[in-house]
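*Asks:* Here is how the chains run, residue by residue.
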Amino acid sequence: MSFDYDKWIRPGKLPHIWCPGCGHGIVMKGLIRALDTLQLKKENTAIVSGIGCASRLPGYMDCCTLHTAHGRAAAFATGVKMARPDMNVILCGGDGDGTAIGGNHFIHACRRNIDMTYIIMNNKIYGMTGGQFSPCTPTGDKASTTPYGNPDPGFDIAKLAIGAGASFVARGTAFHANQIDKLIAEAIQHKGFSVVEILDDCPTTYGRRNKYKSVIEMMNKLKEIAVPVKAAEKMDPEQLKGKVLTGVLYKEDKPEYCEQYQKVIERAQGAAK
Amino acid sequence: MEKKLPTIEIIEKYCKGCHICVEFCPKQVLEMRGFVVAVKDLEACIKCMQCELRCPDFAIKVTA
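Protein sequences appear in the order of chains A and B.
Numbering follows the numbering used here, with no gaps: position 173 of the first sequence is 173.
Numbering follows the numbering used here, with no gaps: position 63 of the second sequence is 63.
Chain A on its own, in the form it takes in the complex (with noise of 0.2 angstroms):
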């Protein structure tokens, strides 16, 4: 039976703005399919957004969304957390939001541990505002900002989530598309602040400036540097290079911030008395 992906999406919203082959879409099916799973309720689910193409994401789900300023979905999200502890907080961005303008919300909503799902599509670059490189632009690569290379080395964001101390990361790509919704749900279900990386492909603004000749050689690319991590634990250090591994990397228990937020709040009431 067909997936009916319909009922989490707005009326009369589609066909979306991203581009021929964008494998934003294939995240947001994922993102649809982990929610089903799940059997969240729209009214208690929140998307919370920052500014990009991976953040119009929500503007296409029939759930509480938010759309906020570039960078800043994390604040909005701890916001919204904060008051509705009882809601699931899921994020959308992407690596220029994400990890750039809204770094340091990432490094310290993962320092907190506070009860949300972060999905950041790392497709390489700010693909809307017409390609400038991003932290996660890989050293020599092409953009509109670097016409010869980038000097910069690029940024693991799960790496960077594991160290600022998210208790959750996985990493998936945009090709293994049933692997993504497993990867959300597990995300969703766990407790502490979780983070999913997508590897995902542009090919407008990333794929023309490096060499991709399309879509298909994009996507095949991804298929061939993604290993498991399973499998990559049979696999010599020298095999590993330039390979990136995906599955769930990172998974600890934690307290969450809502809970420690709340004994302070009934010390604060008991210390009054």
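Just so you know, the hints here were simulated from the structure itself, not pulled from any lab data.
These numbers were taken from a predicted model, which means no experiment stands behind them.
Keep in mind that the hints are not guaranteed to be accurate.
What the hints assert, rightly or not - Computed, partial: chain B to chain A, Cβ under 7 angstroms: (1) Pro26; (2) Lys27; (3) Met32; (4) Arg54; (5) Pro56; (6) Phe58; (7) Lys61; (8) Thr63.
What the hints assert, rightly or not - The calculated lysine-lysine pairs, modelled on DSSO-like cross-linking and capped at a C-alpha distance of 27 angstroms, are: (9) Lys42/A <-> Lys4/B; (10) Lys61/B <-> Lys182/A; (11) Lys213/A <-> Lys243/A; (12) Lys223/A <-> Lys243/A; (13) Lys191/A <-> Lys234/A; (14) Lys61/B <-> Lys223/A; (15) Lys40/B <-> Lys13/B; (16) Lys47/B <-> Lys221/A; (17) Lys251/A <-> Lys230/A; (18) Lys142/A <-> Lys7/A; (19) Lys13/B <-> Lys7/A; (20) Lys40/B <-> Lys223/A; (21) Lys234/A <-> Lys251/A; (22) Lys182/A <-> Lys42/A; (23) Lys40/B <-> Lys182/A; (24) Lys223/A <-> Lys47/B; (25) Lys159/A <-> Lys13/A; (26) Lys13/A <-> Lys13/B.
Cβ atoms here follow ideal geometry from the backbone N, Cα and C, with glycine treated the same way.
Starting from the known structure of chain A, arrange chain B on it as the hints suggest.
*Replies:* Okay, now just chain B, sitting in the frame of chain A:
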């Protein structure tokens, strides 16, 4: 016994012609007709749903 064929619904209004479904179909069921995708060989379909999963534009629906 006659093989029960799946139905592959293509919403042409949504299709942006990215070729992903055509390329990653293991049985070459789909093809491009102009700018949009079309079913070429329905009998070859094994209902693996890879085209539906990977279509970024919500344009393909496979019903087994």
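*Asks:* Next, verify each hint and record whether it holds.
*Replies:* A quick look at each hint next to the structure:
1. The beta carbon of Pro26/B comes no nearer than 14 angstroms to any beta carbon in chain A, farther than 7 angstroms, and the hint placing it at the interface is violated.
2. The interface hint given for Lys27/B is broken, as the beta carbon of that residue sits about 17 angstroms from the closest beta carbon of chain A, more than 7 angstroms.
3. The beta carbon of Met32/B comes no nearer than 12 angstroms to any beta carbon in chain A, farther than 7 angstroms, and the hint placing it at the interface is violated.
4. Annotation: Arg54/B was flagged as interfacial toward chain A, and the flag holds, the nearest CB pair being 5 angstroms apart, inside 7 angstroms.
5. For Pro56/B, the interface hint holds, since its Cβ comes within 7 angstroms of a Cβ in chain A; the closest pair sits about 3 angstroms apart.
6. Hint on Phe58/B holds. Least Cβ distance to chain A is approximately 6 angstroms, under the 7 angstroms limit.
7. At a threshold of 7 angstroms, the smallest CB-CB gap from Lys61/B to chain A is about 4 angstroms, leaving the interface hint in force.
8. Look at Thr63/B: its Cβ gets to within about 5 angstroms of chain A, closer than 7 angstroms, so that hint holds up.
9. Restraint check for Lys42/A and Lys4/B: not satisfied, since their Cα atoms lie roughly 36 angstroms apart, outside the 27 angstroms limit.
10. Restraint check for Lys61/B and Lys182/A: satisfied, since their Cα atoms lie roughly 21 angstroms apart, inside the 27 angstroms limit.
11. The hinted pair formed by Lys213/A and Lys243/A meets the criterion: a straight-line CA distance of about 21 angstroms does not exceed 27 angstroms.
12. For the hint pairing Lys223/A with Lys243/A, the CA-to-CA distance comes to about 10 angstroms; that is within 27 angstroms, so the pair holds.
13. The hinted pair formed by Lys191/A and Lys234/A fails the criterion: a straight-line CA distance of about 30 angstroms is larger than 27 angstroms.
14. For a cut-off of 27 angstroms, the pair hint linking Lys61/B to Lys223/A stands: about 24 angstroms separates their Cα positions.
15. For the suggested pair Lys40/B and Lys13/B, the alpha carbons sit about 19 angstroms apart, so the restraint of at most 27 angstroms is met.
16. Simply put, Lys47/B and Lys221/A have alpha-carbon atoms about 25 angstroms apart, close enough for the 27 angstroms limit, and the pair holds.
17. Distance check on the hinted pair: Lys251/A and Lys230/A sit about 15 angstroms apart at the alpha-carbon level, within 27 angstroms; holds.
18. For the hint linking Lys142/A to Lys7/A, the alpha-carbon distance of about 40 angstroms lies beyond 27 angstroms, and the restraint is violated.
19. Taking the CA atoms of Lys13/B and Lys7/A, the gap is near 19 angstroms; set against the 27 angstroms cutoff, the hint holds.
20. The straight-line distance between the Cα atoms of Lys40/B and Lys223/A is roughly 26 angstroms, inside the 27 angstroms bound, and the hint therefore holds.
21. Our distance criterion of 27 angstroms between C-alpha atoms is met by Lys234/A and Lys251/A, whose separation comes to about 20 angstroms.
22. The straight-line distance between the Cα atoms of Lys182/A and Lys42/A is roughly 19 angstroms, inside the 27 angstroms bound, and the hint therefore holds.
23. Proximity of Lys40/B to Lys182/A is assessed by CA-CA distance (about 32 angstroms); at most 27 angstroms being required, the pair is judged violated.
24. For the hint pairing Lys223/A with Lys47/B, the CA-to-CA distance comes to about 22 angstroms; that is within 27 angstroms, so the pair holds.
25. Only pairs whose Cα atoms come within 27 angstroms are accepted, and Lys159/A paired with Lys13/A is rejected, the gap being roughly 36 angstroms.
26. Only pairs whose Cα atoms come within 27 angstroms are accepted, and Lys13/A paired with Lys13/B is accepted, the gap being roughly 12 angstroms.
This entry does not satisfy hints 1, 2, 3, 9, 13, 18, 23 and 25, going by the numbered hints stated previously.
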